[in-house]
Amino acid sequence: MSLVFYISSFIAILSTIMVITRYQPIHALLYLVVSFLALAVTFLSLGAPFAAALQVIVYAGAIVVLFIFVVMMLNLGKQTAQQEKEWLQLRAWLGPSILSLVLLAEMAVLLLQDDPTGMPAAVVTPKQVSLSLYGEYIIAVELVGFLLMTGIVGAAHIGKHKKKSLHRFLQTYPNLN
Amino acid sequence: MTVMQHIWIVLGVLFVFLNIAAGLIWVERRLLALWQDRLGPNRAGPLGLFIVLADTLKLFFKEDWIPPFADKWVFILAPAIVVASVLMGLAIIPFAPGIVVADLNVGLMFFLAMSSLGVYSIVLGGWASNNKYSLLGALRGASQMIAYEVFMGLSLMGVVMLSKSFNLGDIVAAQKDMWFIVTQPVGFVIFFIAGLAETHRLPFDIPEAESELIAGFHSEYSGMKFGMFFIGEYLGISLISAMTVTLFFGGWLGPAFLPPVVWFFLKTFFFIGIFILMRASLPRPRYDQLMGYGWKLLLPLVLLNLLVTGAIALWLKS
Amino acid sequence: MISHLRTMWLVFRHLFMKKATIQYPEEKVPLYPRWRGRIVLTKDPDGGERCVGCYLCAAACPVDCIALQATENEEGRRYPEFFRINFSRCIFCGYCEEACPTYAIQLIPDFEMAEYKRQDLVYEKEDLLINSEGKYPGYNFYNVAGLDAGVKEKGKGKDEETPVDIKSLLP
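Residue numbers (full-length UniProt numbering), protein chains in the order written: chain F, 1 to 177; chain A, 1 to 318; chain W, 1 to 171.
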């Protein structure tokens, strides 16, 4: 199982690097999907199939689709790719990459320790997940619910139709919308 | 189960479902014709069955054209995604006791995950074609499928509550006394409607609505790439039908005079027939009607269904 | 929802209804006698050509697909030297049939005249002439015409008065 873990995490890292370095936004998002899928496999290899499935459903299946949706609407052309190319300079990526290298070093140290604490063998079943969600972390779940509700109310408010000012020719059929 | 047995099951499922998908070309055309007072293709071979062969050969020998303005790699990738995601979804379906490709304990979630990945074929295909009709189709497809995925997942949670498992084998076993269609009729209806929207079949074929968007997201596709979308659609129908049977109609369960696999496929073919009947009879809704119907009617309904199911389950337990 | 189910049920019932399809090559399409199909040239009951080469059909034809050249035999009977219909232009409007004073040109219920080459659709007189009287059996133009063309003598026709003897003074 640890081989699967290493392969998938390598793919995740590689595809994330590709996300950053692509100029064409859609290609970057495609690599982001691959990265999420690799992350899901990583979860699976760590014994969390429920989290893996949710990772695919929520992130790969819904959120990135929305990203692509927005990028498609923006109708980005070759000029944007050129612009991206100009933005991707040494001083832009140096800082984040140093910080992530530090993280990588930390992870390497942790993994190379004699007594690795990670890699639990036990599989976490959906039942356990839900029990801990609705038992231990009930307040967090409720708070997240509030947050999402705020989002929904906000979206409904923004999406609500303003008072219509119809041309007088169109006012014959008030129910026609 | 030995490795050899496992490989045989995988190959068998692949063989059976790819053949069903191909055979559906004929089934759909014949049934549509019969429902429209015609006869349909009946010339090539017995009952016109060789139309499948003729269609496939035609698709293989057509020019496989990639438009110069398209994004080449994404254009090629898109049709592969639809077939791959649907075939992955077929992996968790139990056809009979013990005959299942992957007996996952989160099988239902896996199915939802794979059906949600299917969106990419439409979105990427439509975007990579670099054509305004394709793009419109892709936009519609993306919003429709994301919306209906929500109801699909929520409508299945009632089943999960009653069977207390995400494993499809357990879900079928939990229906030994009573099929879930009896206890979860609302869940079934919403799942079936969401399945229609998810496979973008008529009447919900808004992403490819040929009378307004030419062919929507696959306007620019030809040859076998178009064939992949075609096969993917038929595989999607088979997948949704098989899932409906597994979740609400007792899967392989049935009177003992027929083997379980036969029962499973009989029920599946019944639902495939319903899919085709819906195509023959129902008109396509407008895009905003579809979205409004989903968010304003199906979402409250499915949440209510969930609430009532949970309450009754708790009441029965105490 | 109920109306949708009702629609589906109504459509489903069509499975058992009579089909509208005609299995064409084996099962022929029912055509009516006045159906306007292939154009033919008919013959008199005694076997002579009805066409007198009056050009009225060619004049009536809206797409100019009829071409003919009239000539006369030694008995004074007019007939077309050649008669050519270009069926790749013909629209089967039937104006030629209406214009024809001798019932010679007729449209018959037959449409199976597809060809691979366009040139094959140009029908010559021998292709058009059929050994039949068509829709008007027993009709012979020269029986009612005041002309001696070998069919009957002058003045012997139906409802025809004997010709005035211009050399006689008797009334």
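Just so you know, the hints here were simulated from the structure itself, not pulled from any lab data.
The model shown is predicted, which means the values in this text are computed figures rather than measured ones.
The beta-carbon is built from N, C-alpha and C at its ideal position, and this holds for glycine as well.
Do not rely on the hints blindly, as some may be mistaken.
Okay, the calculated bits of chain F under chain A, using three or more residues with CB under 8 Å as the criterion [what the hints assert, rightly or not]:
#	stretch
1	14-23
2	26-36
3	48-54
Hint check:
1. 14-23: It is violated: at least three residues are needed, and the stretch 14-23 of chain F offers just 0 whose Cβ sits closer than 8 Å to chain A.
2. 26-36: Per the Cβ count (4), the hint holds.
3. 48-54: holds (count 5)
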